[in-house]
Structures are given as structure tokens and as C-alpha cells.
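Protein chains in written order, with my numbering: chain F, 3 to 418; chain Y, 9 to 300.
For the record, the hints were derived by calculation from the structure and aren't laboratory data. Among the hints, erroneous ones may be present.
[What the hints assert, rightly or not] Straight line, CA to CA, 30 Å or less: simulated BS3-like cross-link-like pairs of lysine-lysine:
(1) F:373 <-> Y:232
(2) F:170 <-> Y:71
(3) F:165 <-> Y:95
(4) F:55 <-> F:170
(5) F:373 <-> Y:258
(6) F:373 <-> Y:243
(7) Y:197 <-> Y:266
(8) Y:95 <-> F:373
(9) Y:95 <-> F:168
(10) Y:195 <-> Y:243
(11) Y:168 <-> Y:211
(12) F:179 <-> Y:71
(13) Y:71 <-> F:165
[Stated by the list, open to error] Some but not every residue of chain Y turned toward chain F, in silico, with C-beta under 8 Å:
(14) 54
(15) 65
(16) 67
(17) 69
(18) 70
(19) 73
(20) 76
(21) 92
(22) 95
(23) 98
(24) 128
(25) 227
(26) 231
(27) 232
(28) 234
Quantities reported herein were computed from a predicted structural model and do not represent experimental measurements. All C-beta atoms, glycine included, are put in the ideal place defined by N, C-alpha and C.
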Amino acid sequence: MKKIVSLSMLASAILFADSDLDQLKLQIQQLQEKVQNIEKQNAQKEQASIDAKVANDTSSSFSQAAYLPDIGLVLDMSALSRNIDNTAYLTQAMPGFLQSDPNGDFPFNKDNGFNLNYAEVSMHSVVDPYFDVFAVFHIHPTAIEVEEAYVRTRALPYSLLVKAGKFKSDFGRINAKHQHSWAFSSQPLIYAGLFGPDGISDPGVQLQWIAPTNTYLMAGVEAMQGTNTQSFGNVERNNLYIGYLKSSVDLTDDISVLGGISGVTGKNPNGNTNVYGADLTVRAELGNYSSLVWQSEYLKRDMDNNMTSGLTKDKQAGVYSELIYNIDENWATGARYDRIVQNDVGDMSLYAPAGVNTNNLDRTTVMLQYKPFEFSRLRLEYTDDRSKIIDGQRKNIQEVMLNLTIEAGSHGAHAY
Amino acid sequence: MKKILLSVLMATAVFANIQVDTTYATFGEIVKKVGGDKVDVVVLGASKYDPHFITPKPSLLAKLRNADLLVINGAGLEIGWLPPLIKSANNANIQSGAKGFLDISHFIPLIDKPTTVSRGFGDIHAEGNPHYITDPHMVPTIAKVIAKKLSMIDEANAGKYNTNLAKFLKEWDVYLKNFDAKMLTCKDKKVIQYHELFNYFLKEYGFTSYGNIEPLPGVSPSSKHTIETLNTMEKNGVKIILQDVYHERKTADFIAAKSGARVVILPHEMGAVSGTDTLETFYGDIASQICK
Ligand SMILES: [Zn+2]
Numbered sequence: 003m004k005k006i007v008s009l010s011m012l013a014s015a016i017l018f019a020d021s022d023l024d025q026l027k028l029q030i031q032q033l034q035e036k037v038q039n040i041e042k043q044n045a046q047k048e049q050a051s052i053d054a055k056v057a058n059d060t061s062s063s064f065s066q067a068a069y070l071p072d073i074g075l076v077l078d079m080s081a082l083s084r085n086i087d088n089t090a091y092l093t094q095a096m097p098g099f100l101q102s103d104p105n106g107d108f109p110f111n112k113d114n115g116f117n118l119n120y121a122e123v124s125m126h127s128v129v130d131p132y133f134d135v136f137a138v139f140h141i142h143p144t145a146i147e148v149e150e151a152y153v154r155t156r157a158l159p160y161s162l163l164v165k166a167g168k169f170k171s172d173f174g175r176i177n178a179k180h181q182h183s184w185a186f187s188s189q190p191l192i193y194a195g196l197f198g199p200d201g202i203s204d205p206g207v208q209l210q211w212i213a214p215t216n217t218y219l220m221a222g223v224e225a226m227q228g229t230n231t232q233s234f235g236n237v238e239r240n241n242l243y244i245g246y247l248k249s250s251v252d253l254t255d256d257i258s259v260l261g262g263i264s265g266v267t268g269k270n271p272n273g274n275t276n277v278y279g280a281d282l283t284v285r286a287e288l289g290n291y292s293s294l295v296w297q298s299e300y301l302k303r304d305m306d307n308n309m310t311s312g313l314t315k316d317k318q319a320g321v322y323s324e325l326i327y328n329i330d331e332n333w334a335t336g337a338r339y340d341r342i343v344q345n346d347v348g349d350m351s352l353y354a355p356a357g358v359n360t361n362n363l364d365r366t367t368v369m370l371q372y373k374p375f376e377f378s379r380l381r382l383e384y385t386d387d388r389s390k391i392i393d394g395q396r397k398n399i400q401e402v403m404l405n406l407t408i409e410a411g412s413h414g415a416h417a418y
Numbered sequence: 009m010k011k012i013l014l015s016v017l018m019a020t021a022v023f024a025n026i027q028v029d030t031t032y033a034t035f036g037e038i039v040k041k042v043g044g045d046k047v048d049v050v051v052l053g054a055s056k057y058d059p060h061f062i063t064p065k066p067s068l069l070a071k072l073r074n075a076d077l078l079v080i081n082g083a084g085l086e087i088g089w090l091p092p093l094i095k096s097a098n099n100a101n102i103q104s105g106a107k108g109f110l111d112i113s114h115f116i117p118l119i120d121k122p123t124t125v126s127r128g129f130g131d132i133h134a135e136g137n138p139h140y141i142t143d144p145h146m147v148p149t150i151a152k153v154i155a156k157k158l159s160m161i162d163e164a165n166a167g168k169y170n171t172n173l174a175k176f177l178k179e180w181d182v183y184l185k186n187f188d189a190k191m192l193t194c195k196d197k198k199v200i201q202y203h204e205l206f207n208y209f210l211k212e213y214g215f216t217s218y219g220n221i222e223p224l225p226g227v228s229p230s231s232k233h234t235i236e237t238l239n240t241m242e243k244n245g246v247k248i249i250l251q252d253v254y255h256e257r258k259t260a261d262f263i264a265a266k267s268g269a270r271v272v273i274l275p276h277e278m279g280a281v282s283g284t285d286t287l288e289t290f291y292g293d294i295a296s297q298i299c300k
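Just chain Y, same shape as in the assembly (with noise of 0.2 Å):
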């Protein structure tokens, strides 16, 4: 009796899957690729919410607590939310700088560095812009920084990862070859967002933006800065409004009705508008909205 239940221990403890956790849906399908059947992924964020204000939900502690691994995003996006969860989950696997922690911003050039930090310019982003997960050619980086961490993680398995990778990598090299042709189809490159979520595609495709419908980063919007940016954009002949899903919609629209502008809701996340539930539709959403 005590020799199969050895066994059975055993063999749970030889197949069991890992645990991967991420902070948010696009890292999840990342990993998802790269680890195939071999990963369990757990997403903490829904992709509906603003990612820097996800609900600490005691119930995330649930699904921290048996991780072997921590996906973040990084840059600051998840410090409004994650720490105080990671300290109270009693895992010792993903505590910043455990073997089982990997923060991705750490693999990625960050843009828009501010100089000088101060919260009197809102809550920005003092260690850069974290919004990269919207330009669709930090995908490579991204799997293949997961990978490498996965065969680190699981070493039997680094084999069957490295494969999962290069079948990935090629599939989206083909996806961005496409892709990258669609984009130079697009003529209006003449933007204003609310927040800066898009700043990586802007600067990838040549899009420049021409502020924000947020006065500063985090506070909202006010009717001075409303009017300001309606005159930059009638300056400039900027007709396109960024809209994520999490913020309110009235100012956009009010701009739009003033400007003749077309206001366009872009999921800044897999899965944050209807339809955009994998890496191709999600990035596809984004593009075929921008350039209509």
C-alpha cells in the first residue's frame, strides 16, 4: 500500500505541470506557445481592467500561492496592485529575485525615460513608457526571454520548449511579414490617445501622437486640457482618438463631435475587446481599427 502510494507521489511529482502565473492575458498566450502542454497558466488580470489598478482579490493569493513562476510586465505597471499580494502569498518561488520571478521589462528597450521624476506630473512611468505588449515585434523577445526561463525552470523539459519556440518564432515571423505590409498601407498616421498604451505601435509604424486625452498620466481629464488639445488637433488635422476600454468615454466623444474626428476602441490586452481572444486578432484589432 505504502509502495503505490510512493509511486503515486512520485509520478504527480515527475508529471506534474508547472504553474505559470501572469499579471496579464498576452504574457499568458506567450507562455501558453512556448510551454505547450507541459505549463498550467494562470492569469491574474482581466483584460477588461485598467492593468495598473487590477482588484487585489484575496482569491489571487489562491493562485500565487502554488506558482512556480511569475510573469510580469514590469516597468511599474503592476505596482499599484502585485506587491502587497506576492508578500502575503507565502511562496517563495516568486519573490523579486527568486529563481521563479521574471519581471519582462527587464528584456525590453523602454521609451519615453522621463528626466526628472516628480508625482507632480502625475503618475507617470518613471522607469520608461511599460505599454510595449501593443507593438506586436516584441512578441520574438518576449518568448524567447520565457523560453530560456521555462528550460531554467523545468530542465527536463528545455528540449520540448526550445522546439515549441522556433515553430512559434517562425509562425510569427510569417504573421509580422504580413503584418508589417498591411501597416504600410496606412496613410492617416496622426493620432491623440488617453493614455499612453500605444506609444511602442505609434513609434514602430510611424504614427506620431499628438497628446493625451488624460491631462496627466492617472488624472482626469479637465476642460481646459480638453480644449487645448481640440486646437492642437484641428492645428495638425488629427482625425484619429484613441480609446482604450477601461476609461470613460465621454471626453473622447465630445472631442470627436467637435473635431469630426473618429473616436476607435483598441484593447490594449488580449481579450479587452470582443474577438481579440489570440495573439493574431489582438494585434489584428489594433491595426485594421487604426487604419480603417
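With the rest of the complex left out, here is chain F (with noise of 0.2 Å):
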């Protein structure tokens, strides 16, 4: 009885499976008819897209848009007003420093009136994984020049940085510094002296380790050509060596200082010229966007000069020393006095008339400085020099300064 049933019951299943795999194959079937519906229609609609973009492609096959080098731009411009007129002032001399040249390089804040110093043009870009790319087109009312342009390693072990090409040297504390980033427009009287508006900078390389230490402390040697005629320029063959170690130390969260001893040697046309200098900052953060910064630096050239009467050697040394208050995100104030300490030269005659006071060479500069926003600055400046001598005479210059600084695009983080 049993068998029966469950025979029967089989039957049956197989009788109904029967029919419901009718069913199915006709809905397989429906399916599959949908399917290639829907791939023809896509098979047009694909056909219909490349037609249109075989007909009218635009995009570009070998676009590099996202390996554009970061490209920044600053203008620097100045409304001047100075007690001494403009042609007396570009036979200014500094004694025992810079004969009078009027047709010397004075590229910043030259005229009474209103002056366009420059747009620098600036562009960064990462190379590859072993080298990045930096360069700057200093672009002058009159000239364009290559202020810098060299490569630096990204991936040396032990420490290491090697740059090669043409840059400016980290001699110092200011010296690798741009006009831009000065605390004032002018550059320190000492600087100007030995090395003129570009500082040391030439084509050369440099080599930086360092050190495995909790404590900063960096080494580093330059090789350069030596073209600056201020102080080397004998360029028979490549002449300036530069050394240099420079360390900090954090007396507080707040308090850091940071010194450095620099040394220089080089060729002049009549001998050696060597350079020293020895810089110490001190910075005290006083509150978010509040600081005091206390900056000083000490230069010395001893120098070969042949005269007349025989060898002998020039000895000239200065200092400057400023003190800036960063007072909020906007204002600040600073001032700065520049000294020549020293300055014991084969023959003065070249500089001044004889008789001309040329002694007690020094200058102060005080400013004041908005800057409505991180990229635009407006400062006023005042300077009262006197360390120049205006045709033939010992004479004080005095001058205010209105100067806007804008930096525009891509721009260097703020340096310490």
C-alpha cells in the first residue's frame, strides 16, 4: 500500500516537474530574447557613441596637465620719497666698500617717485623620485635674468642634499634669502658692501649632511664659479669655496635660537679675498601669530690689494641687527641698525675726495607693515643712511618708503 502511494507520488512529481520545465525553458528562453535585445541596443548605443567621438574627439591623448611645475609669481613695486635727487643718488659711493658707478646695479627702490622692482617668477616641480627642480626668473623693468635654477637630491641616504646649478648660497643667515623675504627692503649695509644686491650666487654645487643628533646641526660646502667682482671675480677658473655649519637649539616650546659660523675664501684679480661671518637669531613666540624675532650677523673680508705702493691687505667688517615684533596675523614693526666696524683700506681716494669724512659709516631703518592677508603686504619704511658719499660729499640720505609686495599662484612656505 505503502509503494503504491509513494510510486503514484513520484509519478506525479515527475508530471508536474515535466510541466514546470516547459515553463522554464520558455521563460529561459524570453530571458535570452532580453538579453539580446538589450546587447544589440547597446551594441548601437555604443556604436552610436564612438561614431560620435571618432566624428569630434577633443580630449587629448597626452595630456601631462597634472605634472605642470607649481608656478608662483611676486611683484614688488615702491612710492618713494628721499632727500637726495635721482641723478646725485646714482653717484652715490660707500667708502672703502663701492666706488661711485652711475651706471651700477641698484634694483630696488632706485627712484624718488614710484617704482616697479620686479615680478619674480618662480617654478617648483618634483622630477622624479631623485630629484626636484627649482627655478626663479627675476624680471626687471629693463632685464630678465636666471636669479636661480638648479636641482636638488630627494633620496640620498646618510643625511645628505646635493644641489648643482645656479643658486644662492646658504653663506650666512640672509644670503640665501630673496628680496621678498627680507624684514626690510634694503639689504644689510655689509651685505650690500662685499657682495652687492645678489649676494653670493653663482653656478656651482653644495653638498648638506645633518648630523644624527636630538640637536640641530648642519654642515655644508659650496664650490662656486666666483663671478662677484665685489669681492672674488677672478674666474680664470672656478674660485669661491664656501663652508659653513649652522645648529639650533629650542630654550622653551617658545624660545628658539639659531647660529651659525660661515667662512668664504675666493679669488681677486690681486690675490685672496677671504670672507667671515657668524649670525645668531633668537625667536620668541609670544602667542598665535605674535612673536619677537632678534636677528643680528657679523661679517669680515680681509682681502689682497696690490697697490702702488705694494701688497697689501684690506680689512673691513660690519654687523646689522634687527628686532622685528610680529604683533598679529596683520601688523608688525621692526627696526634694524647696520654698522661698519671696521674698514682699513689700501687707498680710501678711490672712494672720497680727500678730507671727506669717511668714518662712522652706519644706517637705521625702522618699519611698519600691514598685511591685509597671508599674500599681499604693504610696508612702510624709514631709512636714514649715512654711510654714502653723494658727489664728493659726505651725505646722510634720508627716505620714506610706501612698498607693496604681492605674492600671487604657488608660493614657499614661510621660513623661520
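Join the two chains, each given in its own frame, into one complex according to the hints.
Spelled out as C-alpha cells, the structure:
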């Protein structure tokens, strides 16, 4: 009995299954048709879009937009009032350092009235895993010059770094900084006297090493061409060798000190030139956006000089010391004092007629600056320069200047 | 003698902890949770300062020089101070793109991405709001990313990092459940803030921000903008002003006096205000101050 029931159940199950199968087959057929239709439609659509694209292909195959270098633009201009007429100003000499040369280089704030000092275009790019490249094109109203153009390594072992190309030497504290990042518009007297507006800047190579210590200690050596005629300028072969040590400690979380000693040795047409430098910066954070920065530097030059009376050694030295008070995000004020502290040169008559006082060369500069925003800066600066000979006379230069500096596009982060 | 020296050297090489530098304190704490006793953590930027503008002290170069891994917030937050330090630290490990460089923002869905970018709008964050650290729900993602990175750099201890991670995630899950429950009791959900530091937190917990005290990112308050802000607050009944520790407080106090709103000084990083020296107290302080 049991067997029959189960048998018939089995049979009916098979029967049911048969009709189920037919239905399934039908469904599958329908589905297949649907899929085919969709595929057909898709193919048509794809073909249509290909047709359209081929007919009207505007997209680029080799776009390298993502690899464009970072580009920055700096503009620097001023309105200026000075107690010396423009023509007379160009005759200026600085006893022992700069002879009168009306055709000389006065790149910043030369004229009574309005000055467009420069437009500076900077570019930076990561070349590959091993090199960064950096270039600054300094565009004066009358000339364009490559201020810096160098590659630097990214992946050297043992905390080493190599830089090659044309660059500003890391000699001293301010030499490597560009004019628009100085606290005052004018160069410290001793830098202007020894190296001129560009500082030590030449084609060459640099090697720097950071010691594996908890305290920051960096040592660097550089070999450069030595084209700077104010101190060197004998370029029959590359003649400039530079070395420096820099170290920094944090006295507290908010007070940091950076010190350095530097030396450079080179050749001038009469013999050797050696320049030694020492610098010290103390920075105290007074709060957010508020700080006191005291920065001082001493530079000393020993230079062979070939006089009619025989070979002499000129010995000269100067200092500057500046105190900047960053009041808040927008305002800052500061003062700087410059002084030539040693000026023993063979022939002072190259710089001033006999009888003109060439001692006590110094300068005072004060400034008040307002930054409406991070990338623009208005600076009111007063200078009393007591270091110049004008038209053969010792004459103090007093000037008031309103300086506007703009940094647009990509630009370097704030330096210490 | 040589042998001893060699074995000492090898021993230090084998057992030396890896040094992880982080730009801010909260990341540093998360690295400690995941890294445990296998990592030494160095935090570069103090929490009391504006994270956009840390003073690039040369001593930071000595700290970066020895790093095996550098963990940054990214999304442009460090662009005003970190890039020249990385360049001058002479450390191949931590150059962007190198194995020891980790930008956490690449793993976070950023909000407030501007459609047009111009400095005419102030110092906006072109890649989106970078201040995701104020949202406690970001912590697990950050911890996971850091654990993965540590395991890649220090394969020998990968197991340890994963164990630490699992333990931390479990604890944090409990903490978050509690935290979210407490936030449910928070009723007043209308605020203004000085800078858009807390948008991730506000979004997570359904707050509405009715504007910023700064007229544009990075621009100091103007009287015109302050009056507009006061009007908006009055119209919408906003009674909470979120102030950070590093901006001036005068404007917030002025607005509070005029509108009857209360100023709350919130930590934007662990340790920015006293008593927020752990992850728990950091987020706890934000919550309890907003929901007073
Ligand atoms: Zn921001």
C-alpha cells in the first residue's frame, strides 16, 4: 500500500516537473531574447557613441596637466620720497666698499617717485623620485635674469643633500633669502658692501649634511664659480669655496635660537679674499601670530689689494642687528641698525676725495607693515643712511617708502 | 672587541623602535595606541597653535631627519609650514611618495569641496575641509590606515600592530556607542564658529552652522561681517559660538554680549585646552561643551 502511494506520488512529481520544465524553458527563451535585445541596443548605443567621439574627438591623449610645475608670481613695487635727487643718488659711493658708478646696479627702489622693482616668476617641480627642480626668473623693467635654477636630490642616504645649478649660497643668515622675504626692503649694509644686491649667487654645487643628533646641526660645503666682482671675480677657473655650520636649540617650547658660522675663500684679480661670518637669531613666540625675532649678523673680509706701494691686505667688517615684532596676523613693526665696524683699506681716495670723512658709516631703518592677507604686504619704511658719499660729499640719505609686495599662485611656505 | 661592537650594532638595528613623526597631537596618540611599545612618537606641531601656521623651527629638522614614518593630516592643512621642512630634512624616507610618508586625508571622504577655487575667496582649502580630526568617528579609519602602514614599514611587528589595532577598535567602539548616546540628549543644534574647524563633528551629529566669525578663511573679522553674523544669529535663534584657542576672542565675546549667545572654547586638537590629554577627554570635552 505504502509503496503504491509513494510510487504514484513520484510519478505525479515527475509529471509536475515536466510541465515546470516547459515553463522554465519558455522563461529562459524569453530572457535570452531580452538579453539579446539589450545587447543589440547596447551595441548600437556604443557604436553611436564611438561614431560621435570619432567624429568629434576633442580629448587629449597625452595631457600632462597633472605634472605642470608649481608656478608663483611675486610683484614688488614702491612709492618713495628721498632727500636726494635721482641723478645725484646714482653717484653714491660707500667708502672702502663701493665706488661711485652711475651705471651701477640699483635693482631696488632706485627712484624718487614710483618704482616697479621686479616681477619674479618661480617654478618648482618634482622631476622624479630622485630630483626636485627649482627656478626663479627675476624680471626687472630692463632685463630678465635667471636668479636661481638648480636641481636638488630627494633620496640620498646618510642625511645628505646635493644641489647643483645656479643658486644663492647658504652662507650666513640672509644670503639665501630672496629680497621679498627680507624684513626690510634694503640689504644689510655689510652684505651690500661685500657682495652687492645678489649676494653670493653663482653656478656651483652644494653638499649638506644633517648630523644624527637630537639637536639640529647642519654642515655644508659649496664650490662656486666666483663671478662676484665686489669680493672675488678672478674666474680663470672656478675660485670660490664656502663652508658653514648651523645649529639650533629650543630653549623652551616658545623660544628658539639659531646660530651659524660661515666662511668663504676666493680669488680676486690681486690675490685672495676671505670672508667670515657669524649669525644669531632668537625667536620668541608670544602667542599665535605674535612673535619677537631678534636677528644679528657679523661679516668680516680680508682681501689682498695690489697698491702702487706694494701688496696690502684690506681688512673690513660690519654688523647689523634687527628686532622684528610680529604683533598679530596683520601687523608687524621692526627696527634695524647697520654699522661698519672696521674699514682698513689701502686707498680710500678711490671712494671719496681727500679730506672727506669716511669714518662712522652706519644706518638706521624702521618699518611698520600691514598684511591684509597672507599673500599681500604693505610696508612703510623710514631709512636714515649715514654711510654714503654723494657727489664727492659725505651726505646722509633719508627716505620714506611705501612698499607693496604681492605673492600670487603657488609660493613657498613661511621661513623661520 | 670587533665582534662585540658588531653584535651591539646588530642588536640596536634589530630592536630599535621605529620613529614616527606626526604633524599634530591627535595623530600622535593614535599612532601610540596602534604602535604600542614598538614605536617612538614625535609630534611636530603644538596643539595650542593654529594648525595652518606652525612656526618652522629648525629643531623640527632634527626631528624629521630621523623619522622612519611621517604621518600628516593632508588636504592642505600643512601646506603653509611643512613642505620646506621636508625638503631640508635630508630624509629620503619621508619625501611625499616615499614609503615612509602617509597622508591620512587620502583615506577620508572630505566634505565642503569648493567647486571654484580662487584666493579671492580667502585662504580656502581647495581640496575640501581638512579638519576631519574633530569627528570621533574618523578615529577607526585613521587607526586602521596607520596600522597597515606600520605593518608595511616594520613587517616583523605586523602581528603586534594588528593585535593593538583590534584591541583599540574594540575599546573605541564602546566609547563611540556611549558618546553617540550622550549626543542624542543634545537639543540646541544651532551654532556659529570662528573657522570651519568643526564641520565634520557638526555634520555627524546633525548640527547646523550658521556662518563663521572670519568673513573669509584666513581673513580677520570685519565690523560689517560681524553685524551680518549677528543678524543671521538673531533671525535663526543661534545661541552657541564655537571659538578655538588660537584666534582672538574679542569678536566672539562682542557677538556673545550683543546676542546673548554663549562662547565655548573648543579644542581643535588633543591637548589644545587643559584636561584634554587623551583621545577620550579630547572628544568628550567638545561634546560636553557644545551640549551644556
Ligand atoms: Zn582650516
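Consistency of the hints with the structure:
no., hint, result
1, F:373 <-> Y:232, "holds, 19 Å"
2, F:170 <-> Y:71, "holds, 26 Å"
3, F:165 <-> Y:95, "holds, 12 Å"
4, F:55 <-> F:170, "violated, 51 Å"
5, F:373 <-> Y:258, "holds, 20 Å"
6, F:373 <-> Y:243, "violated, 34 Å"
7, Y:197 <-> Y:266, "holds, 20 Å"
8, Y:95 <-> F:373, "holds, 27 Å"
9, Y:95 <-> F:168, "holds, 18 Å"
10, Y:195 <-> Y:243, "holds, 18 Å"
11, Y:168 <-> Y:211, "violated, 35 Å"
12, F:179 <-> Y:71, "holds, 23 Å"
13, Y:71 <-> F:165, "holds, 22 Å"
14, 54, "holds, 6 Å"
15, 65, "holds, 5 Å"
16, 67, "holds, 5 Å"
17, 69, "holds, 5 Å"
18, 70, "holds, 4 Å"
19, 73, "holds, 5 Å"
20, 76, "violated, 13 Å"
21, 92, "holds, 5 Å"
22, 95, "holds, 7 Å"
23, 98, "holds, 4 Å"
24, 128, "violated, 10 Å"
25, 227, "holds, 6 Å"
26, 231, "violated, 15 Å"
27, 232, "violated, 15 Å"
28, 234, "violated, 16 Å"
Of the numbered hints given earlier, the model fails hints 4, 6, 11, 20, 24, 26, 27, 28; all others are met.
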